[in-house]
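Protein chains in written order, with UniProt numbering: chain P, 1 to 367; chain C, 1 to 367; chain V, 1 to 367; chain W, 1 to 367.
Since the hints were derived computationally from the structure, they do not count as laboratory data. The reader is advised that the hints may include incorrect statements.
No copy labels: a pair is met if it fits in one copy or bridges any two.
Said to hold, decoys possible - Calculated lysine to any residue pairs in the SDA-like style (CA-CA distance at most 20 angstroms, straight line):
no. : residue 1 : residue 2
1   : 283       : 220
2   : 329       : 200
3   : 149       : 226
4   : 221       : 55
5   : 329       : 198
6   : 41        : 362
7   : 193       : 179
Computed from a prediction, not measured in an experiment: that's the story for all the values here.
There are 4 protein chains.
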Amino acid sequence: MGDNFACLDDFEKHALSVLPKNALDYYTSGAGAQTTLEDNKRAFSRYKIRPRFLRDVSKRDLSTTVLGEKISMPIGISPTAMQRMAHPEGELANARAAEAMGTIYTLSTIATSSIEEVAQAAPKCVKWFQLYIFRDRSVTIDLVQRAEKAGFKALVLTVDAPVFGIRLADVRNRFTMPPHLALKNFTSLSMTKFDDKIEGSRLTGYVASLFDDTLNWEDIKWLKTITTLPILLKGILTAEDAVLAVNHQVDGIVVSNHGGRQLDSTFASIDVLEEIVNAVGNKTEVYLDGGIRDGTDVFKALVLGAKMVFIGRPALWGLAYNGEEGVKKILRIIRHEFDTTLALCGCCNVGEIKREMVVHESHHSKL
Amino acid sequence: MGDNFACLDDFEKHALSVLPKNALDYYTSGAGAQTTLEDNKRAFSRYKIRPRFLRDVSKRDLSTTVLGEKISMPIGISPTAMQRMAHPEGELANARAAEAMGTIYTLSTIATSSIEEVAQAAPKCVKWFQLYIFRDRSVTIDLVQRAEKAGFKALVLTVDAPVFGIRLADVRNRFTMPPHLALKNFTSLSMTKFDDKIEGSRLTGYVASLFDDTLNWEDIKWLKTITTLPILLKGILTAEDAVLAVNHQVDGIVVSNHGGRQLDSTFASIDVLEEIVNAVGNKTEVYLDGGIRDGTDVFKALVLGAKMVFIGRPALWGLAYNGEEGVKKILRIIRHEFDTTLALCGCCNVGEIKREMVVHESHHSKL
Amino acid sequence: MGDNFACLDDFEKHALSVLPKNALDYYTSGAGAQTTLEDNKRAFSRYKIRPRFLRDVSKRDLSTTVLGEKISMPIGISPTAMQRMAHPEGELANARAAEAMGTIYTLSTIATSSIEEVAQAAPKCVKWFQLYIFRDRSVTIDLVQRAEKAGFKALVLTVDAPVFGIRLADVRNRFTMPPHLALKNFTSLSMTKFDDKIEGSRLTGYVASLFDDTLNWEDIKWLKTITTLPILLKGILTAEDAVLAVNHQVDGIVVSNHGGRQLDSTFASIDVLEEIVNAVGNKTEVYLDGGIRDGTDVFKALVLGAKMVFIGRPALWGLAYNGEEGVKKILRIIRHEFDTTLALCGCCNVGEIKREMVVHESHHSKL
Amino acid sequence: MGDNFACLDDFEKHALSVLPKNALDYYTSGAGAQTTLEDNKRAFSRYKIRPRFLRDVSKRDLSTTVLGEKISMPIGISPTAMQRMAHPEGELANARAAEAMGTIYTLSTIATSSIEEVAQAAPKCVKWFQLYIFRDRSVTIDLVQRAEKAGFKALVLTVDAPVFGIRLADVRNRFTMPPHLALKNFTSLSMTKFDDKIEGSRLTGYVASLFDDTLNWEDIKWLKTITTLPILLKGILTAEDAVLAVNHQVDGIVVSNHGGRQLDSTFASIDVLEEIVNAVGNKTEVYLDGGIRDGTDVFKALVLGAKMVFIGRPALWGLAYNGEEGVKKILRIIRHEFDTTLALCGCCNVGEIKREMVVHESHHSKL
Ligand SMILES: Cc1cc2nc3c(=O)[nH]c(=O)nc-3n(C[C@H](O)[C@H](O)[C@H](O)COP(=O)(O)O)c2cc1C
Ligand SMILES: Cc1cc2nc3c(=O)[nH]c(=O)nc-3n(C[C@H](O)[C@H](O)[C@H](O)COP(=O)(O)O)c2cc1C
Ligand SMILES: Cc1cc2nc3c(=O)[nH]c(=O)nc-3n(C[C@H](O)[C@H](O)[C@H](O)COP(=O)(O)O)c2cc1C
Ligand SMILES: Cc1cc2nc3c(=O)[nH]c(=O)nc-3n(C[C@H](O)[C@H](O)[C@H](O)COP(=O)(O)O)c2cc1C
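Starting from the given sequences, assemble the full structure and let the hints guide the process.
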């Protein structure tokens, strides 16, 4: 098995058959009726590629530069919580795979490996740290300082989670972490483990009691006072918020709906990408995650203005398959698909990608 | 079971497995091919939410004011006939649940509990009385006077039922009430029970013989002469009728297609809401029912101009599950979902909801 | 059984379970991939009704006047070939049912009962005769003269069949008539029976050898010279041909795609109705058939400009169920549905139907 | 069996049940998620035909003239690789069938029969040779000279394959040719067989090592220096490339997405046809392949501007059914369907086909 895994979905199918229900439900779920979760994938198929031929595509280069760092390809790893539920080496294996493939790994605040462990496991990897802001601001200050010290290159502030989305399977499972795991970025028991007396998803209870739901634009100013790292906002979905982000001088925006896990029945992230790119112009870099499953998805996002894209769940399926090797295999497959797409579109590198190379499927029905 | 019911649809699934066929078919059915019934739900998924972030949403207040009465949330209970088929305490349990949750209960004319019983069961509940006009106008005058006396706060005149829609399952079942139940708002035998000699649905026969199909705008004037209660029209589906309603100085409009039970192949109620809101401006309050199944539906209806929404069938599923407790559980779930939606959209209360927070799914395909 | 048949589709389901494969396939089939066949039905669901309320609808009258004849409702019977495959009394039973219900029966040229037998069976019925033109024009002249003599009120010239559509099931079945039946409008053996040496559908072979594929607009002039009956063209699908029809002074147009049996992948008939109605203005009457299955379909066709509609297959299912009684039952059901639709739209008669009462489903997505 | 095959899809179903998995997967597969593959077929159903009636269609002529050669119908055979996996006589049987039916056969570079064998098998057939350009240009020069000598009438340069699309089933199968077959247009072992040490599809490995991915517009000029045959470009999908093709004075364009096998998530070929036809005007001939499965598809492509169409897979299913006879049967069926479509649209020949005879399905929803 695995030998003939040919695309990212093959790894998902495998994970569905091997992971325990509690973890699997947590990983796969979207919020509510999961329309946004499904749309994240389906929306890509509504964009059609217009390929150009008879161009010399023999010398292709997939690398790009993000926040001034050169990476080998415009495909990185999104932050996902508790990766050790997928594989004993969790975040460490994932980061090592990103390192090996020359791309970015984003570590979640809610990780089962600590900032320092990850830094040590993948010292040369371009690492970003995803930040949730705790009511107790000293917790956040501590996380930021440790991330800086450990050589992380950017802070990814997740803005779409003042409260947590309602993921029905987790409510039904009364989701909690397996007992042998802990949230390794903290020390106090109440922050490393979930309170099992809470009804429904215990993670949601954890978030409700510890995360700061007063978080607002003023806090961006505050965050800038406690760090010199670039600050990215993850979860922006409207031109209005994108403009505010520019006005607050953030260094980047991740267009994302949190993999369909926060507000159900918002748009697929690819559907709002261009609205945001147009709103910010070249004043900040824009990235995207949500539903990226093959190389044509990557290409479409780049055409519509993303500087790079990130994958969340697929890396978890890679971990579940075979730890670091599994994630590397996934990254190699999607890299090869993206490379093939570039060649079949007559492009040698991401700089040759042009806006007219993608149109909405409704384009021809308007003729 | 029930312990892990996480959303309203879980209660529907349960009801489908426990209610007897005759009652279940009556409750679930829509008219004809049931396209409007299905569309009532599906249509919501065609509206997409544009959420705003980085706003302090720590202090949320779901309350609103309807016809001058403050209620705890913009979600009430629609009138549905014969609720004792779902639970021995029927209307009483339903009204008590609304009372406990601080919202509006609407009692149907065709109820298996009387006006007075309901008033006594839930004295503090804001109660509305849904009116059908009988050929014998003295029947209607009696109902109106009793509702006034019992402290009901408004009359909801259902305008979409001059004749009853053709609900195929009821025709096939030759639907009738179980023998131990009666329509408790009346006294004469011919009005408390259905005539079993009629072909097809006996309820339809009942309606055809007793309801007034000459009902017209002049009767609104007459109704105003016999009551001082606010008058709402339930079932308006066009801007044209909405304007007439304003001209006849009604106090509110319930945009509704009777849960898809009257005219099949009309629009989903959410699809016509804005046309009506635009037509009436702020000259009267507009509410909506039909297909509301979770908190995002409530949010969308409010964005498109509804002052509040009502649920019909879900309350019946709550009753079938566990009487008053079941309905309370349903109301708590949808309240929590609506609260979460508000927070994830950057709103602290219904006043902060803005028109641009919802667009049609076709929005981005037009770019 | 049958007692609880509540809609026309119930009769179709019944027919599917009782008719022999050869006849059933012939009756149900559309041409090619059957996209037009399916679309004929589905297209109706894309038109949405905008109902008006609070109008006195107590006195309803479904009658209408077609070609100067008053009929009890705007729903008649389309010509369908070989009706005795569905019931021993075939065309006779069908015509009697139309007579009993006060509406129009159209007899096919390719009938298993003769013009004279039908006239005798249903003397008071408003009968139309559907005409195919044979290479041997004396055959046509004979048919026309006999129809006139037998009191038929109009000739319905089918224009969409210069050759026959390819109906795959008939090709596979090598469709032929059961041996005990004959085409009763003819006398010579070669015209009453199909040639069994032909490959594929023998009906198609029959048509290819006998029907006149030179038929053109000049022949309309010729037809007018041999009859004083009104001439209707059945099968017109474009404004261009409708204008030509007016120029050739025909008395009516039946918008029809032959129940999806001729050219697959043309539009549903309801989809082209308005284009044609607009093209002809009030210069000729326009009717429609294809996919009419319930009362809302009838209403929509009338809103979009049809003077009346016809049903083809449903009458065959009525025959298969119970001969004349079966067809009467079907006509009563759809009449009742249409009556209910009128009432729920605030109309007392067909004259009160207004154009704004139907819009395309895409209407609201354009806002 | 086979006796009652009534349409092209019947042959596909048969092939699915008889061919070995390795060959079948290779024949059926599209690239990636196969959305383009599926869309190639489905897209046709989105175009609707507007038929005209009452025209004398008794004398029909399906012939047309392509690159100055008269052929019996506007339906030819696309190049497909390795046809002997479907039938022992492979390309020879296919070419003979085209010859018998008076239409064009296109031989693939990657054939299991040689240029000379095909020329000998079907000397009177109008044969085209499909060209892939090898890094080693002497290979290409040899192929061109042999095709010229063998009487082929045109060179079809495939431009959409600088690298090969990722066909998942072939990757999983590690697709290779059965050992008894060889690529007969070459002599050196490395070119007649695939290297079995390659991972994934060995054909893809073959292409990657031998085909010239520097191919560009300058090479068109070079190609013109080594041949006097007309040059067609196969795989053009945008107006931009079509204009370049005209500027480089090619003799024809085959609008094609390689049967969905190269870049997944590009448009169906029928969807881009008109954009290209409009761009080139009458400066070059335009043909189409991809998803042609019945006579209405052919008609639609001609309405939208194609001079003729080609079928790829259906000919393989014909071969699998019964070699030359199977392909002839397929060509007879689709010819008959196209003939019937012409008649039902009021056309006697391809010259009478007019642009207004096809509209997009969204046409009427815009009213
Ligand atoms: C299991 C899981 C856990 C996640 N945890 C976090 C998290 O801790 N912080 C965060 O900002 N996003 C989190 N996300 C969202 C991801 O960063 C990312 O936005 C999303 O997974 C992208 O969509 P995809 O899974 O379709 O690639 C999580 C997503 C998943 C599936
Ligand atoms: C079983 C049932 C009985 C109903 N009875 C009445 C009634 O007596 N009077 C009335 O105005 N509406 C009646 N309705 C319509 C509801 O008031 C309401 O419009 C509809 O149920 C809302 O749609 P929902 O069920 O999707 O929430 C009934 C609906 C159902 C399902
Ligand atoms: C079994 C069958 C036989 C038909 N025979 C004829 C015929 O002889 N002449 C004709 O003009 N139309 C014929 N039609 C077409 C019908 O007149 C009519 O256009 C079509 O059935 C209407 O669609 P519906 O079946 O969806 O109601 C036939 C249709 C069917 C289903
Ligand atoms: C099995 C197979 C092999 C093919 N081989 C070639 C080839 O060698 N050269 C080429 O230009 N196109 C090749 N094609 C593409 C076809 O020429 C053609 O574009 C496509 O099959 C048309 O779509 P259809 O199969 O839906 O008719 C191949 C297609 C298939 C299905």
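| said: At most 20 angstroms between CA atoms: does that hold for residue 41 and residue 362 within a copy, between copies, both, or neither? | reply: Both: 18 angstroms inside a chain and 17 angstroms across chains, each within 20 angstroms.
| said: Checking an output row: residue 329 and residue 200, CA cutoff 20 angstroms. Within, between, both or neither? | reply: Classified as between; 14 angstroms across copies, 36 angstroms inside a copy.
| message | Cα distance capped at 20 angstroms. Does residue 329 pair with residue 198 within a copy, between copies, both, or neither? | response | between (39 angstroms within a copy, 17 angstroms between copies)
| Can you tell me if residue 149 and residue 226 fall within 20 angstroms by alpha carbon in one copy, between copies, both or neither? | within (13 angstroms within a copy, 65 angstroms between copies)
| With identical chains treated as interchangeable, where does the CA-CA distance between residue 193 and residue 179 reach 20 angstroms or less: within a copy, between copies, both, or neither? | Within one copy, since 9 angstroms is at most 20 angstroms while 57 angstroms is not.
| message | Reference check for the pair residue 221 and residue 55, CA-CA at most 20 angstroms: within, between, both, or neither? | response | between (48 angstroms within a copy, 14 angstroms between copies)
| task | Please work out whether the CA atoms of residue 283 and residue 220 approach to 20 angstroms or closer within one copy, between two copies, in both situations, or in neither? | result | within (17 angstroms within a copy, 43 angstroms between copies)
The structure is consistent with each of the numbered hints, conforming to all of them.
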